[in-house]
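Mind the numbering: the sequence shown is residues 63 to 182 in my numbering, read in order.
Just so you know, these hints were derived from the structure itself, not from any lab. Possibly wrong hints are sitting among the right ones.
Claimed, not checked - Here are the simulated lysine-lysine pairs, BS3-like style, with alpha carbons at most 25 angstroms apart: (1) K165 x K129; (2) K129 x K85; (3) K108 x K160; (4) K108 x K85; (5) K165 x K85; (6) K105 x K129.
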Amino acid sequence: MARILLVDDAGYMRRLVGIMATKGGHEIVGEAETGQIAIDLYKTTKPDLVILDILMPDMNGLEALRKIREMDPDARVLMCTASEQSSHVQEALSLGAKGYIVKPFTKEAILSTIEKAFTD
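With the hints as constraints, model all of the structure from the sequences given.
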């Protein structure tokens with residue numbers, strides 16, 4: 063299954079997504095609370111997938127997505143958002159995100175979206 067890097071400034075969200083993903087057979091290879099830490103961890107963990115919150119302090123998820131895709135154009139990234147109507151979602155998709163997860167979410171929604179990220 064997928065090796066996943068979780069990025070969210072809220073620790074409880076990282077824990078929740080991590081629990082759901084591991085119950086689906088995936089491995090969490092790293093956790094980051096800022097975009098910059100995510101970029102640094104991406105370099106060292108080389109995950110199969112990044113689940114990245116859009117709104118974070120320091121560096122937002124869109125900027126982190128942009129930088130990760132500059133380093134690795136094949137990077138698979140899913141965005142987390144509180145609203146699928148957000149212009150941020152459309153921007154993330156145009157920057158190469160493979161999809162998005164809308165908060166609040168279920169385990170089934172997380173696992174389904176992870177699976178879709180691997181079907182180009």
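Okay, the hints, checked on the actual structure:
no., hint, in the structure
1, K165 x K129, "24 angstroms, holds"
2, K129 x K85, "30 angstroms, violated"
3, K108 x K160, "17 angstroms, holds"
4, K108 x K85, "21 angstroms, holds"
5, K165 x K85, "19 angstroms, holds"
6, K105 x K129, "11 angstroms, holds"
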